[in-house]
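Colleague: Sequence:
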Amino acid sequence: MMTPRLRTSRPCLRVPALLACALAIVSPSLDAQEAAPKPAPKPAYPNETDPDSPRRSKLDPSRPDEILRIDATGDGKPDVIERWVGGRRVRFFDEAGATKPEDTFGDTINGAMQVDVDGDGYFDGPKDYTIKWADRDSDGIADIEAYNSNPKPGFPSVFGPSGAVFYMTIDPDNTGMLADLDWKDVSVDWTRWDTPTNWRPNYHGNATFLKEHAPIWAVETPEFTWENPFLFFDPDGDGLSEVSIRVADNRAFVGPGQMRLRFDGIVDEAWVSYDLDNNTGWGTTVSYDLTLYVAGKPGVDYSNDINEFPQLKAPEWAAPYYRNFDWRRQTRFRFIPRENAIQRLFGAQWEKAWITFDEDGDCYRWERVELYYPGDPYLLERNPPKAGTKSIIRNTQSDSLGDRGEWDEDFSGKGHMYRAAWDGKIHLCGAESGAWLVDRDAAFNGSAHYNGRSPKEAATKVAEVIQYRDTNNSGWINQVIYDYDGDGQADRTDNLEELGVDTKGPVLDVTKMDWEALRKENAEAVNRSWREAQRMFHAALRHDFVDDAILKLIKAPSVGEKYRNAYRLKEDILRKVLAAAPTDQHRDILKAYYTNNVADLEKLMAAVRAKP
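Residue numbers (the numbering used here): 1 to 612.
Please note that a few of the clues may not be correct.
What the hints assert, rightly or not - Here are the simulated lysine-lysine pairs, DSSO-like style, with alpha carbons at most 27 Å apart:
hint, residue 1, residue 2
1, K184, K211
2, K77, K313
3, K390, K313
4, K297, K414
5, K504, K352
6, K100, K77
7, K100, K352
8, K552, K603
Please keep in mind that the hints were generated in silico from the structure rather than gathered at the bench.
Between the sequences and the hints, there should be enough to build the whole structure, so can you do that?
Modeller: Structure follows, in structure tokens:
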């Protein structure tokens, strides 16, 4: 143990020795004061200890088959069934008069359930959750589910890492799929899947999902939530979603710490994602290809979008069984409705627009292609990046390699996109810049909530980087910079307008084009690009510009495979031709390539091979 030291300055040397010694004895040093342990923060949601609390369970842990019935209303019928399920104490509340005296399990259609997750013997305590089900159309299948969990024991706030969550799932398709409740251990999860890529919660068909990473009783404006809502659409009626929308009303904390929060009823950010090649099915229930994102002021006011759910209201006799009962009285929620959601959100004025395209086809996230961010494409750092740096994959949910992002930071393109003939890809109108972290074999992913066939490992360095620029603020990409090996040095910089290439393309406006129109446009564009690639391949084959890697690309039955292989076929052949051609022929070769003039390109191939 260190002896406390008296820190002195020169004037203190005049103090008598005895006084100095006394000061040394009674005055701990600054070092010792700094080392004193800080008091533990108060838990945001402490455990109950009152043995007479109505929330205290009377189940006997030594009797796993015990079932208790409580007549809370005095009508001679059980209103509450308490029992063990999956090794945990569970209470079922009969909120629709459906329970019979002989029932051993609760009503999971119009009832509610509490689970003692932390095992302290009290319901509605730390880490515990409540579920309310409702059957709005009386068909015998619950089509709405509200879930609320409390902060974990000892945690000092109600938010984020506390583990507390509120969500609501609405299933208009009446599939019986809501959140993923596993009855084996009564655990609930909204990111659980079956191998290989079947999501278990209901992010399918025409579902609606609201979520906030805090308990609803901590929200001063509980009619609003953060992700408000997720909307899923099934335009082709196959039971799977081809379009998803995410709406965010970013929270504000009230008072000290993260104990109370509120929302203002203004959408701050919105995402819409599309499965353009419609390749979902058994084993791949979700496969979005493109996400369009808008954000900033003024946002969209949804404070008057009132949605009533009277079936959610609990009977007043249940109040003593909750520590926070007000949320069980709530029947009104405010969120953007399904009808015209795309038009309202993406026809509005914003500060910026981005797109991210899943170029390597390994994104099977449940709600979108996670974004790439404006930043350094060579910096593969997750959130939070180092001070002063901006990584393109800073979100832990972003693919570590393989996606392409483009960013319109002043919203000059109004959130519109276009199909460029020069590479066959969808680009963002008004984008000042973009970057593609090429992952040829979909070898890396490594994102949070990973779900897909690619390895879970995150890339530690880039392999090939393609960057896009609008150098003259025309609103159209006109420069492409290629770094073949990811060493940070440009191997090729193509200025499209200098080559005489038309940089414009047909505009794609999601407020005017539904999913079927976008799917059809994509299929036609991909098939056109594939035919161009086939013609280019046969020209290259005739003039010996083909290798084994190129031969692997010539078969592609599906739209998604054609999209990826067509680009690689054309680009790989081009690179072989450029490597063999004199520099003074490069301009003509590039012009023929970008204008898809295979006849001229083949003549140039022949000229290259004719030279000794």
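Colleague: Now, for every hint given, state plainly whether the structure supports it.
Modeller: Evaluated hints:
1. Between K184 and K211 the CA atoms are separated by roughly 25 Å; this keeps the pair inside 27 Å, and the hint holds.
2. A threshold of 27 Å between alpha carbons decides the hint, and for K77 with K313 the separation of about 20 Å falls inside it, so the pair holds.
3. With a C-alpha separation of about 46 Å, the suggested pairing of K390 with K313 is violated against the 27 Å cut-off.
4. The straight-line distance between the Cα atoms of K297 and K414 is roughly 13 Å, inside the 27 Å bound, and the hint therefore holds.
5. Of the supplied pair hints, the one linking K504 and K352 holds, its CA atoms being roughly 21 Å apart against a limit of 27 Å.
6. A hinted pair counts as satisfied when its Cα atoms are at most 27 Å apart, and K100 with K77 qualifies at roughly 7 Å.
7. For a cut-off of 27 Å, the pair hint linking K100 to K352 is broken: about 57 Å separates their Cα positions.
8. Distance check on the hinted pair: K552 and K603 sit about 25 Å apart at the alpha-carbon level, within 27 Å; holds.
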